[in-house]
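K.L.:
Using the supplied hints, reconstruct the complex from the two chains, each of which is provided in its own coordinate frame.
Respectively, the protein sequence lines represent chains V and U. Quick note: the first sequence uses our numbering, first residue 1, plus one each step. Quick note: the second sequence uses our numbering, first residue 1001, plus one each step.
I should point out that these hints are in silico values taken from the structure, not numbers from a laboratory. No residue lacks a Cβ here, since even glycine has one placed at the ideal position from N, Cα and C. Honestly, I wouldn't trust all of these hints.
[Said to hold, decoys possible] Below, simulated DSS-like cross-link-like pairs (lysine-lysine); rule was C-alpha separation at most 25 Å, straight line:
#1 V:K88 x U:K1565
#2 V:K88 x V:K114
#3 U:K1538 x V:K4
[As the list claims (entries may be wrong)] Pulled from the structure, derived: some chain V residues nowhere near chain U, Cβ distances all over 12 Å:
#4 R7
#5 A21
#6 L26
#7 A43
#8 P49
#9 G50
#10 N69
#11 S80
#12 A81
#13 K82
#14 A109
#15 N110
#16 G111
[To be verified] Computed beta-carbon distance windows for the label pairs:
#17 U:L1449 x V:K88: 25 to 33 Å
#18 V:K88 x U:A1151: 46 to 54 Å
#19 U:R1029 x V:N27: 51 to 59 Å
#20 U:R1485 x V:R30: 16 to 24 Å
#21 V:N69 x U:V1568: 50 to 58 Å
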Amino acid sequence: MTRKQRRMTIIGGSLAVLALAAALVLNALRDSIVFFSTPTMVAEKHVAPGKRFRLGGLVQPGSLQRGDNLAVTFEVADGSAKLPVAYKGILPDLFREGQGVVAEGALDANGVFKADTVLAKHDETYMPKDVADALKKQGHWKDDYGAQASGGTKPAATTAQGNPQGAVR
Amino acid sequence: MIAESGHYALVLALGLALIQSIVPLIGARLHDAALMNVSRSTALAQLLFVGASFVALVMLHVNSDFSVANVYENSHSMKPLLYKITGVWGNHEGSMLLWVSILALFGGLVAAFGNNLPLSLRAHVLAVQAWIASAFYLFILVTSNPFLRIANPPIEGRDLNPVLQDIGLAVHPPMLYLGYVGFSISFSFAIAALMEGRIDAAWARWVRPWTLVAWIFLTLGIAMGSYWAYYELGWGGWWFWDPVENASLMPWLAGTALLHSALVMEKRNALKVWTILLSILTFSLSLLGTFLVRSGVITSVHAFATDPTRGVFILLILCLFIGGSLSLFAGRATSLKQGGLFAPISREGALVLNNLLLTVACAVVLFGTLYPLAMEMLADFKMSVGAPFYNLTFAPLFALLLLAVPFGPMLAWKRGDLLGVMQRLLAAGVAGLVAIAIAWGWASGGATLAPLAIGLGVFVIAGAITDIVERTGLARVPFATALHRARGLPRSAWGTAFAHAGLGVALIGIVCETTWNSEHIATMKQNDVAHIAGYDVKLDGLFQRQGPNYREMIAEFNVSRDGEKISVMTPSKRSFTTRGSSTTEAALLTRGASQLYISLGDANADGAIAVRIYHKPLVLLIWWGPVLMAFGGVLSLSDRRLRVGAPKPARAKQRLQPAE
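Bound-form chain U, shown alone (with noise of 0.2 Å):
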């Protein structure tokens, strides 16, 4: 029962983002509020019955219901209660369930809280969300239905794949689609305003805290990927140039970009036209990952799904809102009229600079994701596109990125003083000096790349403490002043400087990481004692263990410093019995920044094990980094000037009805 009704949930929210995508524009056409009012009752009503049906799917896999075929491929009896959960999403149909339920949350969200939107624009923007909803919808009843029963159902399910069986899978996607799916709402408020053919700087008021939430999740979510990577996989990598990774990567940069954009926008009224392009081709690039992740196109690990109709699909889904987009945008972009004048040198120009460096940068990640895959296609051969490629392109654009931030937030808006604000920043390019220079001094001039890298990290987070001991003056005033100033700035200036430094800190981890990196790989036997960074590791000895549906051997590792014991180490090799297969967890002891890292690899018939035990020092900063712009981005959310509903529009002509 709970199946069918979750499926029929699901296609009456169909039924309603049908309604919600045609009534409201004949609504705005006819100038009739009640109609256009439509979109606010069927897009909540779409969460409702997305909802049920999402939850539905969540009971299935708790009661362990077999006789559904996603349970079965995707559970077990045994599972633990969070992994049943988890492992909802932790499959095709389950991870598209959320996606839309997402997106019904977002729609549900500009429903319930714009109010006080100009009626045709909501019913606009409503009815555009409502176009992505049925698409996935349909997508998801034609092609992945999550409620299919089996005919015999078996007793026992399959199990969900191992290396998925952790808490990084409860919070990693949904947090990755909160980001991925929110983007959806600057995409509509994008086409909304091109099919009104109006767009001022309260739509980028609008715009610009849906963009930031979307953003602080994305940001967390590749983070939070990128470490469940690192301590799941036991050889301590934390990012692969993956096209899935890249996948993710994209609609980041573009939405950062789109941040900056809209700033101009809602501050000077300029780069409109900028600002919607950008709006289209972030929620494009997230569509575009869908698509890569979904459909099995690429040679990646992710991407499992091999059935072709799916990706067809969603091919199909692509080329129409993609297109359709774009060629509204060509048809409509040049009806928008420009704004505001501005110097170069001046805050637009430098955020003309950030979004130039960060689109191109996303465009290098989009080449190298995409030419292998157009070779294969075009030329029939393959070939992989991976770190060597994106250290030589996406690199130095990102260096130059961040040399070009600490400018931006000290320069005027209109026409800026640069020689003004390289005095002002004359303190923190003497500290990224010194760093350069501890750092070459301390690494006796072993990688030249590195300490200059280190340098850079240390500028761009001096730049931004500069920045707020400007605005507070805290060098020319007394304390207390400073103090009550401090107090008194915009928060969005204290989240400018918190995501900027987060810039800075995560550059710092990930040289140290990479360039410092030392890596002890050995067979141990019982007593014996590997030296690692100043640090002795003792294997005490192997122990078996039963685990709800594994089986896990753990090895015991005594770390000691100068004689000084430590802590007690204890990796292990998991097996699962279901799936045959096995999985390393490493374990990891954290030391400041810094972490000592071991995993298993086959033991000996002797009793030996191979083992690897890496150093990785200030590996943290590169995690540290991410969290900071994240709650940067939410410091700027929580300011007044952002807080969702506070601005009325300027002027009142736009509201052609009051919201109820």
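Excised from the complex, chain V in its bound form (with noise of 0.2 Å):
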């Protein structure tokens, strides 16, 4: 082999391995993306069921029912609109009425939102990003939260600890 040919098969492959990872990324992006949305979101643009995507918002007050076999149902609030959301498992520790919450799941047949995944806000000092950015886009934040949030810097920082949100599956 010529160095041309040995350089060539060098190239060649690299172009390969790059090809064949675009081809991969390109297919992930396809399906495996979760969107984000909040209720409003979700009436204004009739979200076909079984599509799954994050809903966030506030745990509306009063709405949170414990069934048999640690069934919970709630709604999710965002100031203008609200959507029930059912859920099998144990919520988060830091689960609470009127705190914000982030659910992943799909709508079913009569528009309740089925939830697999419940993550609740880390503590009194932090508000799931996704949320606090869509409720200020809408006009509802409070400026408390800002000034918690800003206030409190919390630790973690450092730790590829993953999800101390308490996620629950």
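P.N.:
Laid out in structure tokens, this is it:
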């Protein structure tokens, strides 16, 4: 093999791997990305049942109901719209009424959001960023959230610790 | 007084770093040994002052001096001593101080043990280190001063986030930073080589041990963080593809590639330009990670710092260093001479493939991490890129890499014999196929991918063993001779085998845990029994207990199998009054490499409690794998060839001046 052929082999191999990676990424982008919505966005856009997305908002005070076998239902609100959520399992430590929450799942035929994951806000001073931004955009941002968020420098920082919001599957 | 001294020491360190940034370079221009040697003293003095500053912050935390804002916000007088110390880096300011301390430590090590480096190379390396250090000292002093006082000191502190009050915080961040920041050395060497316009195999011999040290710590740090998340968060997850985790994974991938390409450069004097580029990219990814974590730019529970000035400051540092180094690379790289030729099928070729797959996998992770950010900024909609994305992209690339791993060490340099290697790997391949068959039969055809992946893991492990067997000639010569040869093998050969086997071990653990993990969630009352994976778990009762700064509710479970009592497990739920928050302390029962995992949910009024029980088969392999890899790294590091300072540069003309 000449020097040129060797180089071409290596360049060709690199391009093949890059093309493979690009194909994998494009393929994965089609259906493995989960979008974020608020109840208002859900109401406006008519999300199809069965399409997975992340729902963010505040847990409507007084809406939490516990059923048998760890089944729970609650409502997620963002000021102008509400959406009922059904979930089965243990809610995270930090799940409270009136506080921020992000749930992942899909709508069923009756328009109930069936969640398979519930993430609660981290503690008094932390609000999920998705929720905070969505509320801000709609003008429902309460200043005290902001004050808390910037006043309380939260720890954790350095850890590759995953999801201390207390995710529940 | 302590706070002011700490602050002052940090300012002095900045002053020293500024001197170290400029004077050695002038010295190198003028060929003035005295000026070049300034770098050595300033690097050591910097280490001293930053160390003093760090010790000052530790003392403030230990003494619970709540007149210092950082202590007030993150500590509590009732907190156990260990967490008072670890709490120092459990917050933004403190962790940045740890960052620069470790940077100064590495600079100090180069200064102390770099006596046989060419003088001008050492001057350049330490100057580049000082640029990085100056930027981050400025960052701390301007935006995140940990020594700020409060005008009216409160009596009690606000306590550390309960999730962080764990031994994991004592180990994980320092390890991770030793890895992250350790890559600054290879970066500085790369920039120094570009500035000097000279690079040779001796350069790679110098860079490799430093990269290896950083890589070992990063490997252990990531594994430790993963295990910490696993037992602390209470739902048994060990990797979340969270942007902050990706931030540590990307330098690891690039660093692994760098280790391998530096090998080619050291042995064959080839791939010089690529190695330089990888050194720059690896540390750039470390900086990017620091930016992602410290600026609060991502939707991540880690990124709590919400102050935008910090983000902008780090972004400036990031652009300056990455942009500057890449421009320097673009301008100077062509002047570096290309070395050794090799055929595509050869050890070099295999290492190129390794580099290709690792960097592409790294690029995929980078894309997945930054894509949501870019979309949010440009198109104003939000999305999350999670495990499904990486399973479809990262996993196939890594599977390809693992398939190639056993071939690499067995191919000859320059020109390899692929057919011969395939024949020698036949036994390993058969072992993999047998493993697939067994896993398939045992799981009775359930998941298709899992047995294949287990077979791949077994192939990688068997391949590593085959390599050692081939080198010692175990199958061909008498046992005593083979044993003698095994002792004579270079330690780096053993290191390679252990590190590669570690990959296979981790893969098997990951596959078994994700595929055959069983879960039981229920509300349990006293004397209720749950059945999971052949175990009977009986709730004996609930107790209350008072801890140093929390109250906890402990549930006692009796675990038995076939009527035979095995152990008692006591998961608990702690509520911390100061922060009004609670944590779940999971209980773990280790059986071989598998674990039984119990964590608690909420208790009802009638005394029943929500309980989550998992059986995780072979889960411990996930972390034993990285430990094996790190052990391989340590073996390789102890190889005579790599011992820091052992090899003298080959050509005497490089040593312009004898180092003192």
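K.L.:
Now tell me, hint by hint, if it's right for this structure.
P.N.:
Checked hints:
For a cut-off of 25 Å, the pair hint linking K88 of chain V to K1565 of chain U is broken: about 32 Å separates their Cα positions. With a C-alpha separation of about 9 Å, the suggested pairing of K88 of chain V with K114 of chain V holds against the 25 Å cut-off. In summary, the hint linking K1538 of chain U to K4 of chain V is not supported, as the alpha carbons are separated by about 71 Å, beyond the 25 Å threshold. With a least beta-carbon separation of about 10 Å from chain U, R7 of chain V fails to lie farther than 12 Å from that chain, contradicting its non-interface assignment.
For A21 of chain V, the shortest C-beta to C-beta distance to chain U comes to about 5 Å, within the 12 Å cut-off, and the non-interface label is violated. Not every Cβ of chain U is farther than 12 Å from the Cβ of L26 of chain V; the closest lies at roughly 9 Å, contradicting the non-interface assignment. Listed as outside the interface, A43 of chain V is consistent with that label: its C-beta sits roughly 16 Å from the nearest C-beta of chain U, beyond the 12 Å cut-off. No beta-carbon of chain U comes within 12 Å of the beta-carbon of P49 of chain V; the shortest separation is about 20 Å.
For G50 of chain V, the shortest C-beta to C-beta distance to chain U comes to about 16 Å, beyond the 12 Å cut-off, and the non-interface label holds. The beta carbon of N69 of chain V is not kept farther than 12 Å from every beta carbon of chain U, the shortest such distance being approximately 7 Å. Listed as outside the interface, S80 of chain V is consistent with that label: its C-beta sits roughly 18 Å from the nearest C-beta of chain U, beyond the 12 Å cut-off. A81 of chain V, annotated as away from the interface, keeps every beta carbon of chain U farther than 12 Å; the closest lies near 17 Å.
With a least CB separation of 20 Å from chain U, K82 of chain V remains clear of the 12 Å interface cut-off, as annotated. Look at A109 of chain V: its CB is around 24 Å from the nearest CB on chain U, clear of 12 Å, so calling it non-interface holds up. Against the 12 Å criterion, N110 of chain V stays outside the reach of chain U, whose nearest CB is about 24 Å from its own CB. The non-interface label for G111 of chain V is consistent with chain U: the shortest C-beta to C-beta separation is roughly 22 Å, beyond 12 Å.
As the Cβ distance of L1449 of chain U to K88 of chain V is approximately 27 Å, the hint placing it in 25 to 33 Å holds. In this structure the supplied range 46 to 54 Å holds for K88 of chain V paired with A1151 of chain U, their Cβ-Cβ distance being about 51 Å. The hinted range of 51 to 59 Å is satisfied by R1029 of chain U and N27 of chain V, whose Cβ atoms lie roughly 53 Å apart. Between R1485 of chain U and R30 of chain V the beta carbons are some 54 Å apart, a value that contradicts the proposed interval 16 to 24 Å.
The hinted window of 50 to 58 Å between N69 of chain V and V1568 of chain U is violated, with their beta carbons roughly 27 Å apart.
Hint compliance for this structure: hints 1, 3, 4, 5, 6, 10, 20 and 21 are not met, and every other hint is.
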